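K.L.:
Protein chains in written order, with our numbering: chain C, 1 to 109; chain G, 1 to 179.
Accuracy of the hints is not assured; some may be wrong.
[As the list claims (entries may be wrong)] Cut-off 35 Å, straight-line C-alpha distance, at most; resulting in silico cross-link-like pairs (DSBU-like, lysine-lysine):
#	chain 1	residue 1	chain 2	residue 2
1	G	K24	C	K77
2	C	K77	G	K158
3	C	K77	G	K84
4	C	K74	G	K172
5	C	K46	G	K24
6	G	K128	C	K46
7	G	K158	G	K168
8	G	K168	C	K46
9	C	K108	G	K84
10	G	K158	G	K86
11	C	K74	G	K168
12	G	K158	G	K172
13	C	K74	G	K158
14	C	K46	G	K84
15	C	K108	G	K158
16	G	K86	C	K108
Just so you know, the hints here were simulated from the structure itself, not pulled from any lab data. In this text the structure is predicted, and so the values were computed from the model without any measurement.
Letter by letter, the chains look like this.
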Amino acid sequence: MLKHIGYIAGVALLGCALLTAQSVRDVNGRVFEVTSRRGIENLEVKLTPPRSSDLAIRLASTNQNGEFHFTQVKPSKYLLEVSQGPNLLYRNEIDASTADSIEIPLQKH
Amino acid sequence: MMLLAMTGFAGFVMVVGGMWLVYKQKIYIDKEGNTAIGVKLPGNFSFTGNYPALALFALGFFPLIYPLHEVRIPPDYLRVVNVKIKGTVHSQAYPALVYAAAVPYPVVNDGDGFEVAVPIINGSGDYKVLLIVDGHVLDSQSASAAAITQGEIPVQFKPVIVDPPQYKGEIKPVPASYQ
């Protein structure tokens, strides 16, 4: 009897651990110029959850390689926006539960 | 305002007092007879001493209603009720400022004017007027309530010159679930 209880508790703990591990994930991406494929730095990247959600708004900037990183993002759909100062350059909806690396090509004016 | 309030109060006293006097039949002019005095007018009209009470009651309506008529809310005046918009901010970036505007005024062309209706604030406080483009506060001006002339406060923003974006990408419309 005690053996069964221990087995059930172990399975439950493992399930909880797996659920916790899946509850957040990192979302990475890169913003680059489409022709040269060079990364564009100092852009503002914003992740906005749906209005009905209580998830946090996330902000990040691109590094010198055009890369941005959001750590521990809860799985959901987000509105991803890339801006340069007051100029909006890119907007699209992403699914953070499936998006591993987001490629954002921009054209030079 | 105080005069209107006093007038209204006097009208109220006249109306209520007139009703009370009529009810109690308390107006007696002939003290010796202790009866209401009678007055006969040409044309077979007659009045008893109770009629002054009725006249008091009727005449009281004018000072009662006149202040209400004078202080009625004009159609272009919104009654200001003290309402607080409350909430909590969770942010790793501080200091943060929270602003609320009932109806922001969209400006879409260079040189367009703007008019933002605001509630009247007591005393000589200032309104904070922000020029926001795509979530970025480009300019902030103060509009003093003491500078109201003909229901308007002039505000002049600094000219804003924004370098055109160096890059362009795909900009999809905002889905309804984010609006």
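K.L.:
None of the hints should be skipped; say for each whether it holds.
P.N.:
These are the hints, each one checked on the structure:
no.: 1; hint: K24(G) x K77(C); in the structure: 78 Å, violated
no.: 2; hint: K77(C) x K158(G); in the structure: 39 Å, violated
no.: 3; hint: K77(C) x K84(G); in the structure: 32 Å, holds
no.: 4; hint: K74(C) x K172(G); in the structure: 23 Å, holds
no.: 5; hint: K46(C) x K24(G); in the structure: 79 Å, violated
no.: 6; hint: K128(G) x K46(C); in the structure: 27 Å, holds
no.: 7; hint: K158(G) x K168(G); in the structure: 27 Å, holds
no.: 8; hint: K168(G) x K46(C); in the structure: 16 Å, holds
no.: 9; hint: K108(C) x K84(G); in the structure: 47 Å, violated
no.: 10; hint: K158(G) x K86(G); in the structure: 32 Å, holds
no.: 11; hint: K74(C) x K168(G); in the structure: 29 Å, holds
no.: 12; hint: K158(G) x K172(G); in the structure: 31 Å, holds
no.: 13; hint: K74(C) x K158(G); in the structure: 41 Å, violated
no.: 14; hint: K46(C) x K84(G); in the structure: 29 Å, holds
no.: 15; hint: K108(C) x K158(G); in the structure: 30 Å, holds
no.: 16; hint: K86(G) x K108(C); in the structure: 44 Å, violated
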